[in-house]
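Start from chain V and add chains A and B according to the hints.
Residue-level listing of the chains:
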Amino acid sequence: MSVEAESTAPVATRVYKPAMATGWWTHKRHYFWYMVREFTALPMAAWLLWFLIEIQRSGSVKTFRPGTSTAFVIFSFICLLFALYHSVTFLGLAGVIIHIKALDRPVPPRAIVVTMFGLWLVASIVIGAVLIGFGR
Amino acid sequence: MNQKTERAPKVALSHLFWWFMFAQGGGLAALVLPVHILVQGVLGPLGVVPVADRHYDTWISILGNPIVKLYLLVLIALPFFHFAHRLRYLLVDLGVPAAKSVPAQVIFYGGAVAVTLVAVWVLLTTAPISLG
Amino acid sequence: MTDKRITIRAARFDPEKDKVPHMQSYDIPFSDESMVVLDALNYIKAHVDGSLSYRWSCRMGICGSCGMMVNGTPKLTCAAFLRDYWPRPVTVAPLTNFPVVRDLVVDMEDFMHKLKSVKPWIIRKQEMPLGAGEHRQTMDEIDDFRQFSQCINCMLCYAACPVYGLDNEFLGPAAIALARRYNLDSRDQGTKIRLPVLAQSDGVWECSFVGECSVVCPKGVDPAKAIQQTKLDTTLRFVLPYGNRE
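Protein chains in written order, with our numbering: chain V, 1 to 136; chain A, 1001 to 1132; chain B, 2001 to 2246.
What the hints contain is simulated information worked out from the structure, not anything from laboratory work. Quick caveat: nothing in here was measured; it's all calculated off a predicted structure. Hints may be right or wrong, so weigh each one.
As the list claims (entries may be wrong) - Listed below are several chain V residues computed to face chain B (Cβ distance under 10 Å; list not exhaustive): (1) W24; (2) E54; (3) P109; (4) L121; (5) S124.
What the hints assert, rightly or not - Covered by chain V, per the in silico footprint, the following chain A stretches (three or more residues, Cβ under 8 Å): (6) 1020–1033; (7) 1039–1046; (8) 1053–1061; (9) 1079–1093; (10) 1101–1113; (11) 1117–1131.
What the hints assert, rightly or not - Restricting the straight-line Cα-Cα distance to at most 20 Å, the calculated cross-link-like pairs of lysine to aspartate or glutamate (EDC-like) are: (12) V:K17 / B:E2141; (13) V:K28 / B:D2202; (14) B:K2192 / B:D2202; (15) A:K1010 / B:E2033; (16) V:K101 / B:E2141; (17) B:K2017 / B:D2039; (18) V:K101 / B:D2084.
Where a beta carbon is used, it is the ideal one built from N, C-alpha and C, also for glycine.
Just chain V, same shape as in the assembly (with noise of 0.2 Å):
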């Protein structure tokens, strides 16, 4: 499709402007990834839902039914994932956005991302201990 626009010479002249492609994260693998990325929102929603769900059940033995079939295992496991490459990413690029100084010199990125790691790690390490812990 081309667009009407006015150029420096006295005439007006046409350009051509394509739409772009709809299926433009196709054509670039940096691009597809950004997609996943991008996408993984969607499982975590969907599992965390499930979560609240299992609270609000909870509400009565009758109701109380906590997953077991091998269909939530596999739906899990695929979330799970997703939640993985979210992680390493959003982590990863922490690095990049976050720029602080330490002594006047600049942390470098890598600390940065290392810190980020080692949180995950903590984090994990703890929050599954109190979930296994409890379920003594």
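Same frame as chain V, now just chains A and B:
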């Protein structure tokens, strides 16, 4: 040429706020969500480890703790502001410019607010608050 | 010396005759391993088809004039070596996301307008009198903004950015990186003045951190980093009680 009729640009405070919520929710989800999914969604159901939410009596007493309720509220609600923002922009990326409109913002961020309110209600009404 | 040849497929568009661009193939000698795509275009213009139109200037990666799509990737044609593509054909097209004026030439007006809107120059509340001497800066202060000052306005980042492609109103990577270059410059006092342009609805918030801009940048500016840091700094200004004044 893509110049709008020249009007003075203004700081878009709503965009700033929702981006801030997106960042907070995303960070929290990145740090704590995987372990919950792993333990409660995979290892627990497979019987590999005992998990707090698999036995009614244990789970109900844990759910009664107000600190647990607060933790669960933040765990569930805050990431939804991240999801809302990201999914709205995912739609934009898929070629739906209407996802930028104010009605779309109301739907997506309103959805996150709705989840928050539902979570508050669920946590308050399930398992009476008890300490210890 | 073997008779090596290479095929260049160049996009042609004559606004007075064509409705849409079409590709035209040129088979030319690949006589020197140091030949770049720009050399191929110059050879075509000089010896084969003088009507081929394209921009170029320094031919050494500093002027930013010769940006085009080479096999679907935005590149400076003076920095794209034919030996990396040979023996396959090299497809040269005008930078994506910009209106095509003719052949490989795009309309840059939108970028120029956006660049100007961020006021990419030192802004002082009050100019220092000449008698006071020069602004003094330490090496550390220069290091704070050095990376973002490397931008040569080549617009490869705009061609790579799908957000800009989907919505031309987006301020864009280079403009934001250059705004940050000045915001971080210790001589500059214009952060607050640039704030509405950067933080408007078509400003930094539109960026979803695809990051392709930084991948294609020939000067290592990392505009994606500049944009994300601007988002964070702008947010902290409003969220922290007394703001985060850089």
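Taking the hints in turn, this is what the structure says about them:
1. For the restraint placing W24 of chain V at the interface with chain B, the shortest Cβ-Cβ distance is roughly 6 Å, inside the 10 Å limit, so the hint holds.
2. Because the closest C-beta pair between E54 of chain V and chain B is about 32 Å apart, greater than 10 Å, the hint is violated.
3. Checking P109 of chain V against chain B by beta carbon gives a least distance of about 9 Å; that is within 10 Å, so the hint holds.
4. This hint is violated: L121 of chain V has a C-beta 24 Å from the nearest C-beta of chain B, more than the 10 Å allowed.
5. Restraint check, S124 of chain V versus chain B: the minimum CB separation of about 25 Å is more than 10 Å; hint violated.
6. Figure legend: the region 1020–1033 of chain A, annotated as covered by chain V; annotation consistent (7 residues with Cβ-Cβ distances under 8 Å, at least 3 required).
7. Closer than 8 Å: that is the beta-carbon criterion, and the region 1039–1046 of chain A has 7 residues meeting it against chain V, so the requirement of 3 holds.
8. With 7 residues having a beta carbon nearer than 8 Å to a beta carbon of chain V, the region 1053–1061 of chain A meets the requirement of three or more and the stated coverage holds.
9. Counting residues of the region 1079–1093 of chain A whose beta-carbon sits less than 8 Å from any beta-carbon of chain V gives 9, enough to reach three: the coverage restraint holds.
10. For a cut-off of 8 Å, the count of residues in the region 1101–1113 of chain A with a CB near a CB of chain V stands at 0, and the three-residue condition is violated.
11. Figure legend: the region 1117–1131 of chain A, annotated as covered by chain V; annotation consistent (7 residues with Cβ-Cβ distances under 8 Å, at least 3 required).
12. For the given pair, K17 of chain V sits about 42 Å from E2141 of chain B by alpha-carbon distance, which is inconsistent with the 20 Å threshold.
13. As the CA atoms of K28 of chain V and D2202 of chain B are separated by approximately 25 Å, the hinted pair breaks the 20 Å bound.
14. Of the pairs offered as hints, the one joining K2192 of chain B and D2202 of chain B holds, with about 18 Å between alpha carbons and a cut-off of 20 Å not exceeded.
15. A hinted pair counts as satisfied when its Cα atoms are at most 20 Å apart, and K1010 of chain A with E2033 of chain B does not qualify at roughly 52 Å.
16. The hinted pair formed by K101 of chain V and E2141 of chain B meets the criterion: a straight-line CA distance of about 12 Å does not exceed 20 Å.
17. Pair hint K2017 of chain B plus D2039 of chain B does not hold up; C-alpha atoms about 28 Å apart against a cutoff of 20 Å.
18. The hinted pair formed by K101 of chain V and D2084 of chain B fails the criterion: a straight-line CA distance of about 41 Å is larger than 20 Å.
Checked against the numbered hints above, the structure violates hints 2, 4, 5, 10, 12, 13, 15, 17 and 18; every other hint is satisfied.
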